[in-house]
Amino acid sequence: MRILGPIEVDGPHGRAVLTGTRQRSIVAVLALRAGTPVPVERLVDVLWGEDPPRTAVRSLHSHVARVRQALADCGLPGALRTRPGGYQLDASVDAVTFERTQDLSLWRGEPLAGTALFGWGRAEIDRLRERRIAALEAYWGDRLDRRDAVEELDRLVSAHPTRERLVGLLMRALHLGGRHADALEVFRRLRQRLADELGTDPGPDLAALHTAILRRDPSLHSARPAQLPARAGHFTGRAAEFAALAGLPPIVVVSGVAGVGKTTFAVEWARRVADRFPDGQVFLDLQRLTPAQALTEMLHSLGVPADRVPADPAATYRTLLHGKRVLILLDDVRRARDVLPLVPGDQGNLLLITSRDALSALGTRHAVHTISLGLLSEPEAHDLFADILGESRVRAEPDATADLVVHCGRLPLALRIAAARLAIRPGRRIADLVRELTRNDPLDVLSVDGDDRTVRTVFASAHRTLSAQAARLFRVLGEHPGASFPADLADALGPGLDELVASHLVSETGGGRYGLHDLIRLFARQSGDLGDGVERLLDRYLAVAHAAGEVLNPRHDLVSRPRCDDLPFPPDRVEVLAYLDAERENVLHMIRLAARSGLHRETWQLAYLLTSYFEVRGNWAARVEQCEHAVAAARALGDRRAEAEMLRGQGIALQMTSRIAEAMVVQRQALALVRAAGDLRGEARLHNNIANAHSELREFGPALDSYRAAMAVHGELGDEVGVALARRNLGYTYVRMGRPELAAEPLFAALETFRARENRRLEAATLMTLGNAFRRLDDLGPALRYFGDALRISREVTDDRFEADALTGLGVTRLALGEPEAAREHLAAALVVCRALGDGHREASTLCELAGASLALGDLAAAREHLAAAVEARREAPDSVELARVHRTFADLEGRSGRWTEAARHLAQAVALVTACRS
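Residue numbers (my numbering): 1 to 919.
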């Protein structure tokens, strides 16, 4: 139904034929109340007025019947229905749509044209006319800068000469067009007409506008800008960030590393919410503007001519925005002070900022909602790449795509450039580009001809804003080889960390640690002269490692350094170990860096100073490599004492990784060096280590001789702890020999010394060996007590290796006591610690014991799983006797499963292994 003009009704079969004014009037008034019953009395009043004929009701029913037939003919048979006491029309009506949408295109002329209505019908016509005029005022109020604004408004004012809102709009349009005299003349004519016809003056709003035009007030030059850039193609991800902005906070800062897509994200969000800011959207790139220029550009965007910018532009800017809803996007803001003059005065507007800096200073003055954009997730990075390049090409090379995502570091700009390079060459394989990234400088590869926005250029633009101190720190941190580093390292190298973080060239990774994106690290290494940066990096690691060693084991005193005043931990064992745990991966990288840089002294000293940490925490495979670098460095320096010490450390690491024959070789090389140097203390230690290797090889005679030699030399030197350590190891070997009754005397003597010297770590080791001795003697009560004490102390001193051994001892003893459930609990806990240590030998032994506990519980499936894992672990940590135990337990399992052939096979393998060892 259309009533905003001549009455028209369209149905499925075409337009209804309404004959006569009365039929059109009936349709019109029922349409005004569509969906609602209209009583007959109301219809009579509106159709005939205050004095209807006596036949009005009968005539109404007759006209309604004809209308109903006309509606049925056009396909609307049920549109007009009879209701108790009246009629109801059910239809879509243009006037109702207009009330909801203010869509002026629905109007086709005078409302309800071609009807004859009285009373409330005439009032409805007047109301619709008023609604149309109000909508026209709102429409032109947003479009005063259109070329046809003056012409259309002049026509409207001619039709409604005393309507002050329309007159005011015409005055504004004329003023904006430079026709100031004409604008004042329009006001004069209205004032004259009001005085002549009504004896009144224009209202205060129009009078104020007249005064503003007289003064050429800049605030009159308002406009409705629509300056948002086009959306970037193939936008992917960021759902959480969009959700965080659902409440439309008035000030939003989008920050992140260069190339992460800050502008892309901001434009995408601005486009999504633009309809909620009907007074316009402004976009300014602040990288190319000073604050004063930016404010001037903003006034121009809001309609102020260049020759009308006032002396106080900030006040005018706030005035123009007052009571409006404008979205302002400021791109690439460098400093908070650059944006402060552009903060709107009220909260109806939205200020959206992108910056590499977090702009923390802005938050001290205003309520700021910060969105920190991180790298894309792997699925998001894959989806972005696939959207740009095409799903079919990505699906054809899934592995190469995954590799390319890694090479691009999940950085959106890098991914877009990589996809663009492939898109222009449809025949090129993704793997070819991955190969090019691997063989060449990725910063050179990640560029496209004709586009100066490359990964290198966006990093460089961020780098140019750094202070000299921050730039120097950035260059040195680029050499740091780890995935992350602690804050104290950066602070020790010099000021600038906060600036680098604010610029997103360095990222917080959590727990007081920081890191550089792989591509940014590569850029940092190319960003300037390194100077002595590597030496300063290593000096800090040496200072920290020396201080840590003094806490963990002061006996490792071959390297001395001046005391450091800015240590990242107190002299507390737990704190020291926690710090070094976080740095464990980095120390090997730092030793490699020192070796690669030819810094031989730093190479061996850093490896040496970490000895006590690896004694506690294990990770012996990494320790082997560290010591190899250290030995080579000591030899390059010609430092025989350092070479001997690092050979000793290498031998221990080799032994702990079950490479005992190799360990024996390097330990004997070290022994020859210390003897030649007359280093008795070093000789005693090496006798002890060589004895340990003999013991692990089950060469018990040579082992006992070497322990006695170690005790003798330590005794000559008056080294009570050295003597006690050799005694403890002697007791351990007696237990391995199957002579636990001989172990008690040296073990109790060692325990007394360690307690007297408050060496808690070696006290725990001795208690553990006592537990094993008493378990072998079937005296299980004392064994449990010693293992329990060893576990408690190991945890107090945070020694993971001894904690694992104590848990295993408790588990085996509980199993011997007929408590398999408790045994399995202890052994499972031991297995977790062994795996964290990366100790394959202990892991394999614990798995075998766990299988035994599972067998005792009747859990054959778990036993099989543990034994299979033990066999696999023994491939990396070979030990024939221990492997024989695994096969012996396997035989027991297969026997219980009724698989006697398999049981016999495992028994035969166990016998063969033991026989080979004895021969």
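FYI, nobody ran anything at the bench for these hints, they're computed from the structure.
Remember, it's a predicted structure, so these values are computed and weren't measured experimentally.
One or more hints might be untrue.
Think about it this way: if two alpha-carbon atoms lie no more than 25 Å apart in a straight line, the pair counts; the simulated DMTMM-like pairs of lysine to aspartate or glutamate are [stated by the list, open to error]: (1) 324 to 99; (2) 324 to 217; (3) 324 to 387; (4) 324 to 346; (5) 324 to 145; (6) 324 to 338; (7) 324 to 142; (8) 324 to 205; (9) 324 to 275; (10) 324 to 164; (11) 324 to 444; (12) 324 to 312; (13) 324 to 103; (14) 324 to 488; (15) 324 to 403; (16) 324 to 279.
Just the calculated beta-carbon pair ranges, DEER-fashion [stated by the list, open to error]: (17) 468 to 431: 23 to 31 Å; (18) 641 to 777: 21 to 29 Å; (19) 293 to 561: 50 to 58 Å; (20) 215 to 508: 50 to 58 Å; (21) 247 to 468: 52 to 60 Å.
Heads up, the beta-carbon is just placed ideally off N, CA and C, and yes, glycines get one too.
Hints that the structure is at odds with (numbers, increasing): Hints 3, 11, 14, 15, 17, 18, 21 contradicted; others consistent.
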